[in-house]
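Chemist: Below are the chains, spelled out letter by letter.
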Amino acid sequence: MVKITYIDSFGEARTIEAQEGATVMENAIRNAIPEITAECGGGCACATCHVYVGEKWVGRTGKASDQEEDMLDFAYKVQPNSRLSCQIKVTPDLDGLVVTTPDRQG
Amino acid sequence: MRESITTDVVIVGAGPAGLFAVFELGLLDINAHLIDILPMPGGQCAELYPEKPIYDIPGFQKLSGQELVDALLRQIKPFHPSFHYGELVEALEVLGSAEAPSFRIRTSGGPSFECKAVIVAAGGGSFQPKKPPIAGIEAYEGTSVFYAVRKIEDFRGKHVVIVGGGDSALDWTLNLQPAAKHLTLVHRRDDFRAAPHSVKAMRELAAAGRIDLRLGQIAALTGEAGELSCVTLKDATGGSHEIPCQRLIPFFGLTMKLGPVAGWGLNLHENLVPVDAGTFETNVPGIFAIGDINHYPGKLKLILCGFHEGALAAQKVYHYVYPGKRLTFQYTTSSTSLQKKLGVT
Chain W
0 MVKITYIDSF
10 GEARTIEAQE
20 GATVMENAIR
30 NAIPEITAEC
40 GGGCACATCH
50 VYVGEKWVGR
60 TGKASDQEED
70 MLDFAYKVQP
80 NSRLSCQIKV
90 TPDLDGLVVT
100 TPDRQG
Chain U
0 MRESITTDVV
10 IVGAGPAGLF
20 AVFELGLLDI
30 NAHLIDILPM
40 PGGQCAELYP
50 EKPIYDIPGF
60 QKLSGQELVD
70 ALLRQIKPFH
80 PSFHYGELVE
90 ALEVLGSAEA
100 PSFRIRTSGG
110 PSFECKAVIV
120 AAGGGSFQPK
130 KPPIAGIEAY
140 EGTSVFYAVR
150 KIEDFRGKHV
160 VIVGGGDSAL
170 DWTLNLQPAA
180 KHLTLVHRRD
190 DFRAAPHSVK
200 AMRELAAAGR
210 IDLRLGQIAA
220 LTGEAGELSC
230 VTLKDATGGS
240 HEIPCQRLIP
250 FFGLTMKLGP
260 VAGWGLNLHE
270 NLVPVDAGTF
280 ETNVPGIFAI
290 GDINHYPGKL
300 KLILCGFHEG
310 ALAAQKVYHY
320 VYPGKRLTFQ
330 YTTSSTSLQK
340 KLGVT
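These protein sequences, in sequence, are chains W and U. So in numbering that gives the first Met the number 0, the last one in the first sequence is 105, and the numbering has no gaps at all. So in numbering that gives the first Met the number 0, the last one in the second sequence is 344, and the numbering has no gaps at all.
Read the hints as simulated data drawn from the structure, not as lab findings. All of these numbers come straight from a predicted model, not from anything done at the bench. Where a beta carbon is used, it is the ideal one built from N, C-alpha and C, also for glycine. Careful: at least some of the hints might be erroneous.
[Unchecked claim] Subject to a maximum C-alpha distance of 27 angstroms in a straight line, what follows is the list of computed BS3-like cross-link-like pairs (lysine-lysine): (1) Lys-180/U x Lys-88/W; (2) Lys-76/W x Lys-298/U; (3) Lys-315/U x Lys-300/U; (4) Lys-76/W x Lys-339/U; (5) Lys-315/U x Lys-62/W; (6) Lys-315/U x Lys-88/W; (7) Lys-180/U x Lys-199/U; (8) Lys-339/U x Lys-55/W; (9) Lys-339/U x Lys-315/U; (10) Lys-233/U x Lys-76/W; (11) Lys-51/U x Lys-88/W; (12) Lys-62/W x Lys-300/U.
[To be verified] Just some of the chain W residues that point at chain U, by a computed CB distance under 8 angstroms: (13) Arg-13; (14) Cys-39; (15) Gly-42; (16) Glu-67; (17) Glu-68; (18) Phe-73; (19) Val-77.
[Said to hold, decoys possible] Derived list of chain U stretches under chain W, where covered just means 3 residues or more per stretch with a C-beta under 8 angstroms from a C-beta of chain W: (20) 47-54; (21) 95-102; (22) 129-135; (23) 305-312.
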């Protein structure tokens with residue numbers, strides 16, 4: 000079972016058992032994780048599921064695609080470890096993944 | 000004087016639910032005008048996911064958001080709906096009585112409407128510009144901070160800062176540069192998703208020193224009494240830079256906000272409009288709500304539910320448009336009168 004920890008902008012951590020194959024965004028919504036809006040429902044079309052990937056994990060989650068980078072232009076406080084969580088698929092390799100949510104999704 | 004249009008029904012929102020409602024109303028000889036804040040039909044399907052496949056439209060194994068919109072437009076063509084794009088419905092006034100309601104609708108810049116029923120098919124609300132979360136930005140909105148350009152004159156002779164990397168940001172950089180005293184384009188990275196020819200034109204202006212291109216994000220605003228004087232740019236290495244700025248135009252795309260719907264006297268439940276699940280009428284007789292914006296026990300935010308809701312709402316709308324007239328239910332497969340309306344006989 001793959002575990003993901005979401006840390007909200009107040010610093011509160013919530014760890015869930017994630018479903019493999021689904022995205023980090025979908026797992027968040029399914030588990031009622033706050034601060035992830037996902038307005039477009041996972042279409043890489045809105046930048047409201049913005050997360051900061053924990054430094055240790057940046058290598059494993061990979062880089063944002065060109066389309067994702069374009070959408071990140073619509074996010075706020077974008078950092079080098081910014082990703083859209085709808086574009087990160089959960090794999091066994093990501094067991095223990097930690098992501099932090101920004102204080103605003105737009 | 001703005002034009003005033005009299006019609007049977009005004010549909011607020013030209014997404015899939017609003018478009019299909021035109022069909023169901025049309026079969027009952029009810030005319031409709033559609034109003035949408037976006038510049039095109041389709042709502043979220045067109046704005047958020049035109050190329051994304053949808054798998055749960057009955058009868059279609061798979062079709063894209065735009066394909067669905069195009070198919071709906073073809074389907075409702077026989078009913079000649081009138082579209083009013085780029086307009087926000089600002090006010091909805093109830094004129095008649097509960098038994099014979101009528102409504103007056105005022106839009107942001109277009110015509111006003113008088114109608115016998117209103118169908119709110121506004122999805123998640125209206126698409127409005129996203130506001131960057133910069134502390135104190137509200138104090139400058141409308142005086143120094145603008146989310147769209149209405150009059151170039153507002154920017155003439157000013158220090159202008161535009162934020163963004165898409166077509167809006169680049170187009171206005173090119174258009175405002177001649178009028179502005181000085182223009183700075185701020186973007187978070189040195190890649191622009193705008194059309195290549197405008198990116199090229201922008202880079203030429205920057206190379207010639209006629210605009211400044213700065214990479215980073217706006218972190219703070221300085222000014223007083225609604226008048227900006229400078230903005231603080233934070234670059235990728237954490238360095239801070241002050242840029243003189245009297246006019247700031249952030250382009251961060253669109254988001255859905257319930258907007259003026261909240262002021263129409265409708266009951267609201269967590270930003271959704273409760274309806275009777277048999278008629279999809281709201282607490283105000285003559286105002287209906289269909290699609291993602293409504294709420295009733297068992298509600299699912301599916302396009303197919305929006306279609307169903309439009310069909311049922313049309314039955315009740317009929318009685319407001321044709322009071323006292325009996326409505327006989329007919330099938331498009333067998334009714335020659337329906338087929339005549341569809342232009343297929």
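Chemist: List, from low to high, the hint numbers that the structure doesn't satisfy.
Modeler: 1, 2, 4, 5, 6, 8, 12, 13, 16, 21, 23
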